[in-house]
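Novice: So the protein lines, in turn, are chains R and X. The first sequence begins at 351 in my numbering and counts up by one. The second sequence begins at 351 in my numbering and counts up by one.
What the hints contain is simulated information worked out from the structure, not anything from laboratory work. Hints are not guaranteed to be accurate.
Here are the simulated DSS-like pairs of lysine-lysine, each with C-alpha atoms no more than 27 Å apart in a straight line [as the list claims (entries may be wrong)]:
(1) K520(X) x K364(X)
(2) K580(R) x K579(X)
(3) K601(R) x K424(X)
(4) K644(X) x K644(R)
(5) K598(R) x K520(X)
(6) K384(R) x K579(X)
(7) K643(R) x K601(X)
(8) K579(X) x K544(X)
(9) K495(X) x K643(X)
(10) K384(R) x K520(R)
(11) K644(X) x K643(R)
(12) K601(X) x K424(R)
(13) K601(X) x K644(X)
(14) K424(X) x K520(R)
(15) K644(R) x K495(R)
2 protein chains.
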Amino acid sequence: MTNVDKSYITDAFKSLQDSICDSIESMDGGSSFKHDDWDREGGGGGRTRVITGGNVIEKGGVNFSAVYGDTPVKITDALGLNSGQFYATGVSIVLHPSNPHVPIIHMNIRYFEMSDGTWWFGGGIDLTPHYVIPNDAKYFHQQLKAVCDKHYPTYYSEFKPWADEYFFIKHRNESRGIGGIFFDRLTEKDEISKNDRFEFVQDVGRIFSPTYHEIVQRNRDKSYSDAHKKWQLLRRGRYVEFNLVYDKGTKFGLDTGGRVESILMSLPPHTDWDYDYQPPSNSPEEKTLTFLKKPIDWLTHPNGLAD
Amino acid sequence: MTNVDKSYITDAFKSLQDSICDSIESMDGGSSFKHDDWDREGGGGGRTRVITGGNVIEKGGVNFSAVYGDTPVKITDALGLNSGQFYATGVSIVLHPSNPHVPIIHMNIRYFEMSDGTWWFGGGIDLTPHYVIPNDAKYFHQQLKAVCDKHYPTYYSEFKPWADEYFFIKHRNESRGIGGIFFDRLTEKDEISKNDRFEFVQDVGRIFSPTYHEIVQRNRDKSYSDAHKKWQLLRRGRYVEFNLVYDKGTKFGLDTGGRVESILMSLPPHTDWDYDYQPPSNSPEEKTLTFLKKPIDWLTHPNGLAD
Chain R
351 MTNVDKSYIT DAFKSLQDSI CDSIESMDGG SSFKHDDWDR EGGGGGRTRV
401 ITGGNVIEKG GVNFSAVYGD TPVKITDALG LNSGQFYATG VSIVLHPSNP
451 HVPIIHMNIR YFEMSDGTWW FGGGIDLTPH YVIPNDAKYF HQQLKAVCDK
501 HYPTYYSEFK PWADEYFFIK HRNESRGIGG IFFDRLTEKD EISKNDRFEF
551 VQDVGRIFSP TYHEIVQRNR DKSYSDAHKK WQLLRRGRYV EFNLVYDKGT
601 KFGLDTGGRV ESILMSLPPH TDWDYDYQPP SNSPEEKTLT FLKKPIDWLT
651 HPNGLAD
Chain X
351 MTNVDKSYIT DAFKSLQDSI CDSIESMDGG SSFKHDDWDR EGGGGGRTRV
401 ITGGNVIEKG GVNFSAVYGD TPVKITDALG LNSGQFYATG VSIVLHPSNP
451 HVPIIHMNIR YFEMSDGTWW FGGGIDLTPH YVIPNDAKYF HQQLKAVCDK
501 HYPTYYSEFK PWADEYFFIK HRNESRGIGG IFFDRLTEKD EISKNDRFEF
551 VQDVGRIFSP TYHEIVQRNR DKSYSDAHKK WQLLRRGRYV EFNLVYDKGT
601 KFGLDTGGRV ESILMSLPPH TDWDYDYQPP SNSPEEKTLT FLKKPIDWLT
651 HPNGLAD
């Protein structure tokens, strides 16, 4: 059996970053990733990959990092850890498409270990459509359920509600999007080995490209108006609010002196905030908001809404 | 001598909101305030005034509120208070001009008291130019120093550094703008009475309009290019980062269930985030960044930069 140690995991995450970047470039067809490699003062570094001005992607990033060193007190306190050396590696993706009919997508997989032997995996995938289309939401959740079911019978039923809870914008009383799966601090448990956890996390990474590409294909050629674009910019405002007010990865990165431009590549290229914007009655925009009020079981949701 | 109680203070803050709105409308000449009055479930409410699409102001708000009721535990914990009833009233202003040569301005004055008799005033004014002009920064700080000096000899030397510290965007290692004055929890002290504090806070409110109008007059007719506008949108991104990541008033409001649209009227109408944007060498944009690296004594700063 493979020794699932940090260098093995790190190499696998790097390969995954490469293959996802290739896949996005090929799907987009109009732009390619700019490469920014960086070193961290306290140890380690990262490979930031940013794509802008594509046929599909207006701005997006596929970031890899592997950082290590003395664990800041802020981290040991926040995570309830003993002091010591940490090692953290992961891949983080946020893609902002130009067409408002194509959803924003986010994926993250990460591995963390301490010098005392503590370790865990975390991550997830979630989708933020500017216009919610139940058929697409169903497809998205079917894909996630399939990858979960392949690894453990209760993964989807645990990780889907976790995403609903995590990606909730409390002050707006509104979900960021249609959720997905979210998990954190997955370690050995009962019959689930470290290798099992790692295989699962890798499969989450592998499902990213085919799943998003299918949703892109369904929507990329739809025409859109200025009103659609305006709505997209307002929804991106909510995305910013979530990331800057609530997102733990963002706060963690900013608090601990991470590379700011890599962390904040998640922010949209253009964003609007209108005072007290209310979508017209019975508009697709208003309909989308009704889908964000509470968690929905998209697998069984009646497909009542034509896009 | 006047009884400076909460209803007296509340009425004065309301009048100030009215006079500032009148003054901004007259200065702008192209738009007027939309009035939104609202009630708070637990007690009190507010008068939100928002202006958009003006000759000068692209989006701005002048908000008054007076709220009271049981003090949420989050507040008593955060402020180190005994449980009981609170009363809080204040005026908050943020103006985002359309011309990048006109600075963003923020002003807030507030009064807080508890049923056990604890009370304080807080507030301040600060300026966020997209392009820093030392002459304007000097004028701005002269105005603030004058109002401080009128009331207490050490006010400016205390409240100016407080603003420098408060309006600092740690993760960017950059000040939000050229600062101003900031103060909090001003209560009776030595020979300074409650009435003295109140007169000072009112004067801060009164200096707002003439000071901002002078700076607007100096810059409103300057022509600007797409590049100037782009820079403005990027600087607004920093404003969003400050308000959502650090600003205590915003966090406090969101945490305690304040009216979200009134709190977030401070967010700019259009905002950009470019990955790792670097201004050209020796450009006015790069020059502006050099002014934001550390606190500057604008009163004595050599006026080396032509605008």
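Novice: For K601(X) and K424(R), compute the direct alpha-carbon distance and say whether it is at most 27 Å.
Specialist: holds, 20 Å
Novice: For the pair supplied as a hint, K424(X) and K520(R), is the alpha-carbon distance within the 27 Å limit?
Specialist: This hinted pair holds, its Cα atoms lying about 15 Å apart.
Novice: Given the hinted pair K384(R) and K520(R), is their Cα-Cα distance within 27 Å?
Specialist: Roughly 35 Å separates the two Cα atoms, so the pair is violated.
Novice: Given the hint that K644(R) pairs with K495(R), does the C-alpha gap stay at or below 27 Å?
Specialist: Holds, at roughly 20 Å.
Novice: Given the proposed pairing of K580(R) with K579(X), does the C-alpha separation stay at or below 27 Å?
Specialist: holds, 19 Å
Novice: Holds or violated: K643(R) with K601(X), Cα cutoff 27 Å?
Specialist: holds, 22 Å
Novice: Is K520(X) close enough to K364(X), meaning Cα to Cα at most 27 Å?
Specialist: Violated: K520(X) and K364(X) sit about 34 Å apart, past 27 Å.
Novice: Is the hinted pair K601(R) and K424(X) satisfied, with a Cα-Cα distance of at most 27 Å?
Specialist: holds, 20 Å
Novice: Would the hint linking K644(X) and K644(R) be met if the CA-CA limit is 27 Å?
Specialist: Violated, because 45 Å separates the two Cα atoms, which is more than 27 Å.
Novice: Tell me if the straight-line CA distance from K644(X) to K643(R) falls inside 27 Å.
Specialist: violated, 44 Å
Novice: Hint check: K579(X) vs K544(X), CA-CA at most 27 Å. Holds or violated?
Specialist: Since the Cα atoms of K579(X) and K544(X) sit roughly 45 Å apart, the hinted pair is violated (cutoff 27 Å).
Novice: Is the straight-line distance between the alpha-carbon of K601(X) and that of K644(X) 27 Å or less?
Specialist: Holds, because 25 Å separates the two Cα atoms, which is no more than 27 Å.
Violated hints, listed in ascending order, are 1, 4, 8, 10, 11; each of the other numbered hints is respected by the structure.
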